[in-house]
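A.B. asks: Each chain, written out:
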Amino acid sequence: MTNRRLEQIYPPGVTALDASEAPNIEIRSTSSSLLEGTVSPYDGRSIQFLAYRDGQQIHVWLAGESYVFAAPASATRSRRAGQATSDDIVCPVPGVVIAVHVAVDDTVEVGQDLVVIESMKTEQIVKSPRAGTVQRVSIQEGDRVDRGMRLVVLVPMEKGD
Amino acid sequence: MSVFSKVLVANRGEIAVRVLQTLQAMGISTAVVYSDPDSNAPHVTLADEALALGGSTAEETYLDRRKIIDLALRCNAEAVHPGYGFLSENPDFSRECHEAGLVFIGPAPEIIALLGDKIRSKETAVQAGVPVVPSSSAWQPGESQPDNLSSEIGFPLLVKAAAGGGGRGMRLVQRLQDLEQALESASREAVSSFGDGRVFLERYIPSARHVEFQVLADSVGNTVHLFERECSVQRRYQKVIEETPSTALNPDLRERMATAAVAMAKSSGYTNAGTVEFLVDADTGEYFFLEMNARIQVEHPVTEETLKVDMVELQTRIAAGESLPLSQDDLQPLGHAIECRIYAEDSYANFAPATGHLLAWRPPAGMGIRLDSGVTESQEITAYYDSMLAKLVAWGPNRKESMERMVRALKSFPVLGIATNIPFLLRALAHPDFSSGEYDTGFVSKHDELTAPPETFYLNRAAGDIAERILQTNMIGPTGRGVMPIAEAPDPWHGLPKNVFP
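Chains W and X supply the protein sequences, listed in that same order. Residue 397 is where the first sequence ends in this note's numbering, and the numbering goes up by one at each step. Residue 1809 is where the second sequence ends in this note's numbering, and the numbering goes up by one at each step.
Take the hints with a grain of salt, since some may be wrong.
[Claimed, not checked] The calculated lysine to any residue pairs, modelled on SDA-like cross-linking and capped at a C-alpha distance of 20 Å, are:
| hint | chain 1 | residue 1 | chain 2 | residue 2 |
| --- | --- | --- | --- | --- |
| 1 | W | K363 | X | K1374 |
| 2 | W | K363 | X | D1355 |
| 3 | X | K1615 | X | E1708 |
| 4 | X | K1374 | X | A1359 |
| 5 | W | K363 | X | Q1488 |
| 6 | X | K1718 | W | S276 |
| 7 | W | K363 | X | K1718 |
[Unchecked claim] Some chain W residues flagged as far from chain X (calculated, every beta-carbon gap over 12 Å):
| hint | residue |
| --- | --- |
| 8 | E301 |
| 9 | V304 |
| 10 | D349 |
| 11 | Q371 |
| 12 | R386 |
Bear in mind the hints are in silico, worked out from the structure with no lab data behind them. By construction, the Cβ of each residue, glycine as well, lies at the ideal position given by its N, Cα and C atoms.
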């Protein structure tokens, strides 16, 4: 088993199982950035795959599921200004902010509505995952937002003054 | 001789492509409108003429009635096909088309207004002798809640937009204390989607089947039904999988519901293609009228596949004043058809919409497989419009065979760059409740396993190994769009020679 240099970033929450034998991978054709081939994971069957290298990410389609891998360093170190930390409430979907229900210094409860995002014509309500105090509101009504962007900074109750 | 010399399609995505294909097959010249983000979309490429609306949001493009009518007149179109969504059920648009001398391919404005108002349409159903789900009168923001608003209905209940459709402006409310917030939020969404904030309450029937009947009516008094579509697999009150025939109906119930659907169409004075939606109580076998949709439905292909009719052609001929070329006896369904909607969304994150570039889009093909698609490889999927990318349809001589074809097709449909609901669809089709046909509108929320991340470890392992191999063998594509330029990147590929990067 080789040391994995890549981290699976999609689908979430999956841990790869160590296998004694590495699967047999055959790359059959490449056209610009797409690679096609077959993989024989464990029982002699061969399954088709399609992959795409998009800069620092590698996308793999296999058996109806799509995966995205990236170097762990890029997943952790690419955090720039405006990206999330643990006190941040981040945007779950790309869209437009249509309502902001909290202001700085507001105390919020678990499950309280913080922000409403309209994405693809559907309202998505961002609720507070914990009790806390609003330290900062990073967006306002009408702002266009992306998935993963910080919406609100919430200081948890325990840490509050 | 064709029925119209030129038709403008006032829509985008797969339905615009679908309508254009039929119009072109009928020998009609075609024009489409498009927004800035859609300038390279398939419907633009396919049409004989593409007219820029200018702007990006739905409001400033596909919902701008004035712009669309001006463009239709300027290109000398005789008729406008509205598709579904956008202006398809907007009575003002239908009326303004007539006033401008354009034929609107759909019902008359007063019929759209009547059926678009879910409250008035229910009254029409009652007059036609069709059973309805108990509901309240309308409410809008600023009005106080009448004390009896929810008392007759009870909890849980549904808040619905009076002008609603497509699951927009709909909320399930469990408790009285959540009602006010749900009313406000549903009303806001209704304003944004339909320009009408009125909402009402409706009794929630938990283990219901959503079954609808397609009807066609011409302007000389002929009305037929084209049998049912079962649409109970829904998430966020939007349909995901549809099939015909429905496993919920026996011949007697089918006949009674079909008769009710035709009665509803006749009693509202309906013309063109419409759909009468019912809830069927799986426990009692009772059925209730829900609403009638005055447009072509997203899921019309399953009807087309089992009856071998072209709904868009029939719509166009009816709008041109022709009488229906089919009698009820001519309509004999054959086999079974199923449709899966391919949404750009993350089924592992509560179906959150996904945007980005379609790095790969390789639709399947084969016997009994049909894809109605509005996207193409390398296209950017934006947050401006609906997240449905395409509809995959399978036909087979029976339910088992069409489902097997669908599963094979979904398994050979590579999509990269944007999360889709394909993994979810595969699990739904494989679920025992779905295979047995014993499912209702609670199917998705009842079964968490449909949306849990995959646990087939050997496949995850294989995918990871493929990615490693691509990394090791220095096989690289061009720098992706929207990623950090390599020069600025903090050397994520440690251990690799620098010259692998472009």
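A.B. asks: Next step is simple, just say for each hint if it's right about the structure.
C.D. replies: The hints, checked one at a time:
{"no.": "1", "hint": "W:K363 with X:K1374", "verdict": "violated (39 Å)"}
{"no.": "2", "hint": "W:K363 with X:D1355", "verdict": "violated (47 Å)"}
{"no.": "3", "hint": "X:K1615 with X:E1708", "verdict": "holds (18 Å)"}
{"no.": "4", "hint": "X:K1374 with X:A1359", "verdict": "holds (10 Å)"}
{"no.": "5", "hint": "W:K363 with X:Q1488", "verdict": "holds (13 Å)"}
{"no.": "6", "hint": "X:K1718 with W:S276", "verdict": "holds (16 Å)"}
{"no.": "7", "hint": "W:K363 with X:K1718", "verdict": "violated (36 Å)"}
{"no.": "8", "hint": "E301", "verdict": "violated (5 Å)"}
{"no.": "9", "hint": "V304", "verdict": "violated (9 Å)"}
{"no.": "10", "hint": "D349", "verdict": "violated (8 Å)"}
{"no.": "11", "hint": "Q371", "verdict": "holds (25 Å)"}
{"no.": "12", "hint": "R386", "verdict": "holds (17 Å)"}
Against the hints set out earlier in the document, violations occur for numbers 1, 2, 7, 8, 9 and 10.
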